[in-house]
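Please work from the sequences and hints to get the whole structure.
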Amino acid sequence: TAGYGGDTPCVELSYGNDIIICDAGSGIRRLGEHLKKRSRKVRATILLSHIHLDHVMGLPFFGPIYDKRDHLAILCPGRDAKDLRKQLKTLLSPPYFPLSIPLTPTLSHKGRGSILIGAIKLETFKCNHPDDSYAFKFRLPDGKTIVYASDNEPSKRMHRAFVRWLTGAHMLIHDAQYTPAQYDAKKGWGHSPYLYPVRLAAEAGIKK
Numbered sequence: 001t002a003g004y005g006g007d008t009p010c011v012e013l014s015y016g017n018d019i020i021i022c023d024a025g026s027g028i029r030r031l032g033e034h035l036k037k038r039s040r041k042v043r044a045t046i047l048l049s050h051i052h053l054d055h056v057m058g059l060p061f062f063g064p065i066y067d068k069r070d071h072l073a074i075l076c077p078g079r080d081a082k083d084l085r086k087q088l089k090t091l092l093s094p095p096y097f098p099l100s101i102p103l104t105p106t107l108s109h110k111g112r113g114s115i116l117i118g119a120i121k122l123e124t125f126k127c128n129h130p131d132d133s134y135a136f137k138f139r140l141p142d143g144k145t146i147v148y149a150s151d152n153e154p155s156k157r158m159h160r161a162f163v164r165w166l167t168g169a170h171m172l173i174h175d176a177q178y179t180p181a182q183y184d185a186k187k188g189w190g191h192s193p194y195l196y197p198v199r200l201a202a203e204a205g206i207k208k
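In this text, residue positions in the sequence shown follow the working numbering: the first is 1, and each later residue adds one.
Check before you lean on any hint, since a few could be wrong.
To be verified - Here are the simulated DSS-like pairs of lysine-lysine, each with C-alpha atoms no more than 30 Å apart in a straight line: (1) K110 <-> K144; (2) K137 <-> K187; (3) K121 <-> K137; (4) K89 <-> K156; (5) K68 <-> K144; (6) K156 <-> K186; (7) K89 <-> K110; (8) K37 <-> K126; (9) K110 <-> K82; (10) K86 <-> K126; (11) K41 <-> K144; (12) K208 <-> K121; (13) K144 <-> K121; (14) K137 <-> K86; (15) K89 <-> K37; (16) K36 <-> K89; (17) K126 <-> K41; (18) K186 <-> K144; (19) K68 <-> K82; (20) K37 <-> K186; (21) K207 <-> K186; (22) K121 <-> K86; (23) K126 <-> K186; (24) K37 <-> K110; (25) K68 <-> K86; (26) K121 <-> K89.
Just so you know, these hints were derived from the structure itself, not from any lab.
These numbers were taken from a predicted model, which means no experiment stands behind them.
This is the structure:
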């Protein structure tokens with residue numbers, strides 16, 4: 001795990017002064033340490049693909065969430081800000097966690113259309129995963145496009161639409177949870193065998 005990673009999902013995207021954090025899995029603890037070394041005041045947007053435990057379990061250990069100088073917006077597509085705040089507070093407070101997390105303002109996003117986060121344009125796609133998970137497409141001002149799809153299972157019904165949505169991206173970060181042999185016993189769990197993102201990238205013309 002030291003060489004190849006053992007944390008649950010957390011990916012940072014930085015462009016100029018804009019910092020976007022994709023998911024708040026256990027990896028966000030070390031990210032918080034890096035951010036505080038880079039700047040005394042952290043301004044970032046945390047995008048949650050969904051609120052399954054492995055994607056939010058790092059929030060109580062994310063240092064900037066306790067620093068009043070820092071500003072963190074939290075957004076989960078398809079969830080109203082008020083409901084999201086309530087759901088996270090329920091999960092991240094006693095008796096499940098000994099402290100109540102001082103959550104900063106959350107944002108609403110219906111899971112459709114695009115929004116701007118600083119200079120970065122965000123678009124979303126609903127993935128094939130229990131309780132709904134969203135992929136994120138980031139259009140950067142320099143013309144590059146990056147897609148992050150953390151939890152997604154192959155779907156014949158959605159495949160063509162997903163490839164169309166991916167086409168034009170320069171980089172794809174995608175769930176690759178299983179070997180093909182493992183996937184045979186895990187169908188319906190909402191994750192992909194590692195050959196599926198390779199197929200997606202080939203059909204959408206994505207090189208990284």
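**Item:** Numbered hints the structure breaks, given as an ascending list
**Value:** 4, 5, 8, 17, 18, 20, 24
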